[in-house]
Every structure is written in C-alpha cells, then in structure tokens.
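Asker: Let's have the full structure, built from the sequences with the hints guiding it.
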Amino acid sequence: MWILLHVVALSALALAQQDCSQGACYPSTGDLLIGRATQLKASSTCGMTGIEVFCTPLGQWKMKCCPCDSKNPYGQNAHQIQNVVAQAGPNRWWQSRKDVNPVSLQFDTDSKFLLHNLVLDFKGPRPEALVVERSLDFGRTWQPFLYLASDCRTSFPQISTSPPRSLQDVQCHTMPPLPPNSSYQDQTVHISPIRQVSAINLPQSQKIERLSGFTNLRLNLTRLGQPPRISNARAPSAFYALKKMQVQGSCFCHGHANRCVPTANQLPGIQVHSVCDCQHNTAGVNCERCADLYNDLPWRPAEERNPHQCKKCECNNHAQRCRFDPVVYEASRMVSGGVCENCQHHTTGRNCEKCTPFYYRNPQSTISRQDACLRCQCSVEGAERGGQCDPETGACFCKANVEGPRCDRCKAGYYGLSASDPQGCKKCSCSVVGSVREQPCDPLTGQCQCLPNFIGLTCDRCAPNYWNPFSRNGCEPCKCDPRNSYGTSCNQLTGQCECRPGFGGRTCTECPDNSYGDLRTRCLPCNCDPLGTVRAGCDKTTGACLCQLGVTGPRCDHCQRGHCDRYPSCPLCPSCFFSLDREMQGFSNTLDSLSKQAMTLPGSSDQDLGPRILGIESTLQQMRDRLPYPPPSDGQITEAISTLHRLRDQASRLNPDFFLVDQSTSLNRQIDSLQTELGSITLQYTSKRDSANRILNGIPTGALSTIQSAYQESADAIKKAEGTKVLVDQSASQRGDAAALEGQIQQGNKKALEKLNSQLATRPDLTPTAAQVCGSTRSTPCTPVQCDGQLCPGPSAPPCGNRATCTGALPLGNKAMADTEETRSRLRELSSKIQRAAAEIQNTQDSANRVRQSTDKLANQIKQARRDLDKDMQDTRDFVQQLREFLSDPDTDPEAIQTVSEEVLNTKLPQSLDALRSKVDEIRRIAAGLPDSRKVLESTGPELDHARELLRKAETARTQAVLMEENVNQVLDTLTSEESSLRSLETNVQDTMRIVDGVKNNINEIEGLLNPAQKTLGELAVQMDQTKPQLTELRDLVQSTQQLAQQAGGDVSRAQSEANEAGQELLLLEGQYKELMRKWSGGAGQSGGGASSTRLQELQQEANDLILQSMSMMRTLSEREGSLLEANEELLIKSRRLEGMEEELQKILDDIRQKARVLNTCQG
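Residues in the sequence shown are numbered consecutively from 1, following the UniProt record's numbering.
Hint data in this document are derived by calculation from the structure and do not stem from the laboratory.
Each hint should be verified, as a subset may be incorrect.
Dumping the calculated DSS-like pairs for lysine-lysine here, alpha-carbon to alpha-carbon at most 30 Å [claimed, not checked]:
| hint | residue 1 | residue 2 |
| --- | --- | --- |
| 1 | Lys-41 | Lys-207 |
| 2 | Lys-112 | Lys-62 |
| 3 | Lys-112 | Lys-751 |
For each label pair, taking beta carbons as the anchor points, the in silico distance ranges come out as [claimed, not checked]:
| hint | residue 1 | residue 2 | range |
| --- | --- | --- | --- |
| 4 | Gly-386 | Val-433 | 39 to 45 Å |
| 5 | Gln-439 | Pro-363 | 38 to 44 Å |
| 6 | Pro-67 | Gln-226 | 20 to 26 Å |
| 7 | Asp-19 | Ser-166 | 26 to 32 Å |
| 8 | Thr-521 | Pro-571 | 49 to 55 Å |
| 9 | Lys-71 | Gln-271 | 25 to 31 Å |
Only a predicted model underlies this, so the values are computations on that prediction, with no experimental measurement involved.
Every residue gets a Cβ at the ideal spot worked out from N, C-alpha and C, and that includes glycine.
Answerer: Right, here's the structure in full:
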C-alpha cells in the first residue's frame, strides 16, 4: 500500500512538472550518457600502452591478479571509460592505471543540459576523496559544486562541512564509513545538486535554474582508497575503478518546456535529446529567448506558479518579429518594451502603427489590415520633400508656386513645373507691351497670349514683316517697297528694309545712303566726310551732313568742343576739362566785367585794351604754331619706335646662326641705349606738354612772363628733340645694315626654297600610298605641288561587297568593322541564348530542389506515420497484455469479464484485412509506377553533361570571338570559320534547351507520381486517427473494469468469509439432516418428515441449477476468451503486415531520396 502511495505521489509530481500551463515545467529525465559515450573521456586508463597486472585481495589470505589490456576496446580485459555506460553490458568497467593520482573523468556535451542525479557505481576500492565540477561555457571555466570524502577535514580542510546557507556555498559531504573487510566490494554514490540545498528556503525553480545547468561535467578523483594489506603477500594494487556511471538529466529549458525533441543531424541511439520543445512563447535550443514576435516583456526563467510567458508584440499584423528595448520598457513604466522590426505593408514605428514616408493612413481601413497605408498621390515635381504627404490625411505640401490637391499644376502666372526648381514653377515673364495682360501664360510651356502681330514665348518681338514693338499702337507693318527691296521683312527695332542697290530709306523709297535728292529725278552725292557721318551720310532732302556723336562741322570732319581732337573717334574729354572749362568761362565773364569797370575809371577813356589783347592772342597763336600740339617730334619719335619694333620683329624671324655674336651684341646695346634716350625724351616732352597746357589754360592777365619762360623751355626742348636726329640716323643706318644682312640671308633661303619646290614637284608621289590606304584607282601622280582630282574615293563611294575583292587598308578596315559589328550582334544573340539556357538549367535545378523537398516532406510524413503506428502497436500490445492479465486474474468478477468481452467483440476495427491489403497494394502500385531513378539519372546525366559541354564550348567561342574583335586581320582570316562555329553553337544551345525541357518533364512526371503516395499516406494517417479513439475507449473500459475488479476483490473476500460461515452452517445442517434422517428412518413423526424431504429436494434442485448456470457461464467466458485471443492474433497479424508495408514504404522513400539527391546535383 505504501509503495502504491509513493508511486501515485511521484506520478502526480511528474504530471505537475510536465504541466506548463500553471508555471515552470520540466522534461522527463534519462541517462545523458546513452548515445554520447564518445564524449566521455578519462585522464588515465590501464592497459593503453601495454598489459598491466592488478592484484587484489581474495578472501583473508589470498590474492587475485588479473591483466588489463585496453588497446583493443572490445577485448575481454579492456577497461576503457566507455565501459561505464549502461549499454556496455555485464562484467565491463573502467579502470585507471596503478598508483596514478589524481584522475579525472570528463563528460563534454554539445549543448546545455539539466543535471538531476549523478550515479557512480565504483568497483573495488572506493576513492577516499573526490570533487564534482561543472562548466557552463563548454569547458572554459569550471565551478565545483560538491566535495565528497571519507574525512573532509583531512582531504579538503578549506571546505566547510556545514549545510550550505545560500546557493553560492559549497559543501564537503562526508561519505559513510565502509564495513570491515568490504573495501573491495562495489560501492554506489548518488549525487544530486538540488538535494544538497534542500534546506535552503527558496523556490525549487530557482534552485534548478542556478545549480542544475551544465555543458561539461568533471569528476576529479583526488585520493586513492587504501585496501588492507595481507601479511606475507605482495601489496595489493591501488587504482580507481568505476563499474557504471549514470548522468540522469534532461535538456535545459529554463522551465519553459516539458519534453525534448531530436535535431535533424542527431546521432542515433541517444536517449535524451538536446533541443527543448519550447512553451510559453519562447524559442531557442534551450528556450533561452522569446520567440520572434513575443518580445514585449523581458525574457525570464519560469517559476512554480508564474510561467513568465513571453508577451506578443503589438505589431498590428505588419511584422513577423520584434526586439526588446530596455529603454522603451523603462519609459513605459515596465509595461511594454517591444519594438517591431521589418514592418511590412508600408508601415513603420515601434508598433508598425505609422505609415512610412510617401504613404498615409487609409481612412477606409484599420491599422491592422494590409491596406492600412496608401501611397501618397503627390507630384514629385510640385510637392515638397520629394512628394511626401501628411501621414494622417494624405494632404500634399505644395511648393510656393504650385497648387492643386496633388501639387501637380502651377499657379496662375507661373509655368514649367520641375522637381529641380525649389519654387516648383517659374514666374511668367510676359511682355507688358506685346501680351494680353488679363491672361496668364501657359502653365506647361510658359507661352504668353500675345497681342496681334506679336510673337515669342514672352510676346516680346514683332511678327515677321512688322517692327517697332514699343509704339503706341503696337507693332507696325514694315511697308517695304516690293520693287526696291529684297523682301517684305525689316529690322525689328529700326524698321529698315533690305534695299536693292540704288535705293535707300527705311522703306527703300528714297535715294541710297550718302546721297540726297528725289529718287524720281536725280540723286546727288553728299558732301560729307564718310568717317564722321552716320550710315545715311546726309539728309535725303537737304543734303545736310548727319554727324556722328562728338563730331561737328559742315562736313562732319572735326571733333566738337568737349571731345578730344582725335578725329574721327573724338573721345569725350576727361572730367578735368569740363571743370577747367567752367573756370575759363568764369574768368572770361570776370574779364568782361573788369573791362567794363576799367572804362569808367578816370583817364581810361583813351585806353583801348582791344589791340593789346589781340596782340597777346596773336602772340599765343604764334606760340601755338611754333609749338604744335602734339609737337612734330612726337610723330618722329613714334615713327622711330615703330621702326624699331619692326626691325626687332624682322630680326626675330631671322636665323640666328647667320649672325655674328659681336655684331648682334653691339646692335642690342645700341638699340637699348636708343630706347633709353627715347624714354628720357618722352618724359621731358610729357613734362613740357603739361606745362604748356597749364599755360594755355591759365589766366592770361599777368602771365606774360610765365609764357616767355615756358617758350624758352619749349625752345630748349625743341633743340633737344632735334638733337636726336643723330640717334635716328644711327638707327636708320643700323636698319640698313639689318636689311642688307636680311637680303643676304634671304638669298640663301630663296635658293633653298627653289630647290625644295623642285623636289616637291616630283616627290613624294602619294598615288601608290593612296592605293594601299584607301584603295584608290588613280593613275596620275599626286605630289605636293600638283595633285588634281580626288586622291581617294569620296564618302559616297560604295563599300566593298561581301564577294568583291577589297584593296586598301581603309576599305579592308571598314569591311572588318562591318564584319565585327555583325559578329558582335551574333555574339549578343548567342550570349542571350546561353543565358536563357542557363536560366532553364537553373529552373530545372530549382524543380529538382522542390522534388527533393517534397521527398523529404514525404519521408518525414512516413516517419511520423511509422512512429504513430509503432506507438499505437505498442499501446495495443500493452492493452492486450493488460487484458490477458485481467482475464487470467482469478479475482476478476465474471460480470466485468462479460462486459469487457462484449465491448471487445463490439469494437470495430477501422480497416479490415482486405482493406489494409488493398492499401498496401495501392502503395506498391504507386511505387512501381514511379520512374526508375537510376534509369532517369543514367539517361539525364549524359544529356546534362553534354549540355554543360555545349555551354562550355559556347563560352569559349564567345571569348575567342571577343579576342578576335580586337584584331582586325585575324577577324578577316577566321571570319568564315567563326560563322560556322556560331551556327554550330546555336544548334548546340537549342539541343541544350531540348535536354533541359526533357529533364523538366521528367521532374514533373516524378512530382505527379509522388502525389498519390502522399495522398495514400494521408489516408493512412486519417485511418490511424480514426482507430485511436476506439482504442482509447477500450483502454478506458479496461481501466474502469480493473477498478471494478479491485472492488470485486473485496466483495470476493467478503463472499469467501460468508461462504466459510455458510459452510459451517451447512455442516451444522448436515448434522441436523442426518439426525432427522435417522429419526425419520426410525418412524418418528412421519407427517413432518414428508415436508422436510420436499424442502431438501427443492434445495438440491436449486443447487444443481446453480451449478449448471456456473458451468454455462464458465463455458461462455472460455468462448469469449477464445474470441479475444483470436482478435489478438488478428491484430498481431495485421501489425506484422503493417510492418511489411512499412518496409515497402521505406524502400520507396530510399529510392525517392536517392533520386532527389542525384537530381539535386544535376546542375548546369
């Protein structure tokens, strides 16, 4: 009874740990070493380098010696570390070398696991001390979590022996002492990390989270056990030996999973899988993180009554993943920290609650729908920010000169919508004179609406045959005389028509320019200086000269006052002239007023200042005549300087090799001295000229002395200027020498030129060269002196034909270029065909990959069906065994047996034997109908190889053609052969395309044949699903019947006690019956005896009926048992047939996988 209670309690605890809905849950445990024996290693193993002999006590007086030879791990005397795994078999153990201490055993895993219990079954002497360590980072760091020793104070004096008070404390646990003479008996040690901290008041989940996880375990054996020594015998061997080691645990899931699942590449035979089947919306190998879309709260390990389930992020159905942001979580006061990633459907934001730029909220939809955001309808050219709109309303933000709901048109008075214009549109610049003011320009072209006779984008010019756009009445007609002008058009601004010779005037109806009079009678020439008049020359009627600006005179032949005397340019005088002129006028006015006042003075009546003034003026005029402005020397100096520059230019063009060094040096010195002297004369001249100007423009009164002084200085200057004649004569002499020298040199040059001209008259002859270069057919010579006619054919000459013979590099080059272009076009076409072929091959490969995926999916379905079938068959066998035990139990109530038998007989199997056979036959037909993968591959493989070879040839030919293009001569030599190569390559590409189409058809055929197999498997899975409820009901009936049987057992016990009591009463009645029979036979009370006899007969008849009923019920039960046995046998037969069908399916799957693998490697 207590055992049953313990089992029930453990079952309840296991169910509580596997229920993930209320809190932390954990997978069932198993031996982690099973399937991972190769990941267990030892630092010391006996017999690895040679045979070692170990001696141990045998009884009290004997020794037993055994060899150890571990070089062969499967030998009888091999004791490698893999022998400690439970699957190693009996009489297998691990043993270290003799007297080696310490020794470590290390178990390395490829994932994180949960340690529930460590069982160590030592063989021989138990270690005196050991340490258990774990690693959480795959062996980089280690943490001891338990010390074990026979004497902790001696072995580990620094480690406390007190129970740990926190999860960080480490304890040394004292192992119980061994009984006398039992040091070589097997000893078992159980180690549990959770049991060590059972006294700490913390939740169990927290203990498991902190202490049970590990990636590596290490057992350090630090002190050898000391066996007893037998007197007069050799010392026994000291070593470590371990018979069995069990690492009980499961995958580490942080309380978020109740089972472990295998991986795709997991090794066979593993009992405990490493990947968690995560719950609570967690993910990862160890459920160490939240699932992609469940990161709204921080991940935490599960606890007993709080699963800490990961919360789904609110991404409004627009994202498949999110991340946890601690900053956002803290800002929300620990409510939500999820940030959606890769928002779809044009959404953005932390919860994908906003539309991305260039999109806005759909007012007719909700944010959780795919059409929540609509694209902005704003014009990219007219809207700001590249066409973005208001994210809520969709309203567009127009540029300054743009309007409209979509910002797609210019405002009134603007045109030319452009994205590059920051204002969007340009302002219309319509002419005020030539456009309609009330009408804006065209918003697209900017064309203004012009008034009559105006044209242009802005209506700023007159139409043809019109002029004067600025008149009051607009453009006026030209009115050119049709006979006297070349046309009806005229100048837009002046209205001048283009007159024929002999005609003039604006409309060509007057005398021509520079003449006047009546065109009908006679035109007289103008008496005007043409340099000083305008184009017309003179007035057409009067003949008065029409002077240019700054020119005056009847003939327009000298400059006006206020203009410099530099006819005909007559530039305007500087501003100082006008200021001096105003002063001069002031002085004249003052002089007139003084003259008038002098006339009123006494004694001044006889004085006449007129002659005196006239004398002064004549004197000044004489001075001006003698000192002209500018002086004559200025012209002479200018002429000398120009002559000097001309000589220098001539000297620079002469060959320097013909001059002597001393002559050129002397000449340069003389020229430099002459130039220096001229510079000083120019400076003096400038000074004198300025002084004369000041005198001439000064006040005449009282200035006679100044004039005389100036005259004297001018005379000196004239003398100095006349003194330069010597230098000028020297310059002229040098110029003559230079001219003579030039004549001598020129004579030699002339002879050389004549010789060169005679040579050029005969050679080089370009006619042969032209024949070689451009294919010229010219026969006459072509020299630099004379080359009449065309040297080469012109551009209109026909090119070389395909069959005509080409001569000359240029025609050959042109033909080569044409052929190259044609070759290039063919290469492009061939390249496109090759690319299409490669694309088809890639599509074929993709189809093969899809077939492989379908095959893998089908294989997974078959595996799942096989697992489900195995599970169901195992459940059925267990149920049949349980049913047998129930029927064979002598304490079972017959009524319960009858009820169960009827339910068994009434149970309808989902498929009869014939139906199962038909399904198997159908699967076999499908398998037989599948194409032979080997034949398909044998037929397809060479074709694909041929296709690859053709593609390789095509690539090689294309490369050769490209190289051929770079060399024209090579192109000309090999063009014909390459054209045939191109044609053959095109044929090869077409063959490749046909091969690819055949492969695709084969793949489609395979996919079509695989579909029935998948359908059959689906039907088989459905039938198995239909079978499961009936088997479950039957199992529940048996369980309820067992409970009834247990209740019936108590009833039987009570019935048995009642039967015993009834037996005693029956004995008493039998004694009474015998007494009555005796009395009855003695003749006492015959009337009462008849009644008793009748009663006894009735009782006897009832007893016989009861016996008959019991025998009939037993026969019925026997028949029912036989029916159950037959049903069981039928189930076993069907299961064996299903196993055969599974083998057939496995063969089919193997063929499909093989075909998929081969097709997957068929790449172009």
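Asker: Compare the structure with each hint and give your call.
Answerer: Against the structure, the hints:
For a cut-off of 30 Å, the pair hint linking Lys-41 to Lys-207 stands: about 29 Å separates their Cα positions. The straight-line distance between the Cα atoms of Lys-112 and Lys-62 is roughly 48 Å, outside the 30 Å bound, and the hint therefore fails. Among the hinted pairs, Lys-112 with Lys-751 is inconsistent with the structure: their alpha-carbon atoms are about 108 Å apart, more than 30 Å. Separated by about 40 Å at the C-beta atoms, Gly-386 and Val-433 satisfy the suggested range of 39 to 45 Å.
Checked against the given bound of 38 to 44 Å, the beta carbons of Gln-439 and Pro-363, roughly 39 Å apart, stay inside it. Between Pro-67 and Gln-226 the beta carbons are some 23 Å apart, a value that agrees with the proposed interval 20 to 26 Å. Between Asp-19 and Ser-166 the beta carbon distance is about 30 Å. The supplied range of 26 to 32 Å therefore holds. In this structure the hint that Thr-521 and Pro-571 lie 49 to 55 Å apart at CB is violated, the actual value being about 41 Å.
For the pair Lys-71 and Gln-271, the beta carbons lie near 29 Å from each other, so the given range of 25 to 31 Å is met.
The structure does not agree with the numbered hints 2, 3, 8 stated previously, though it agrees with the rest.
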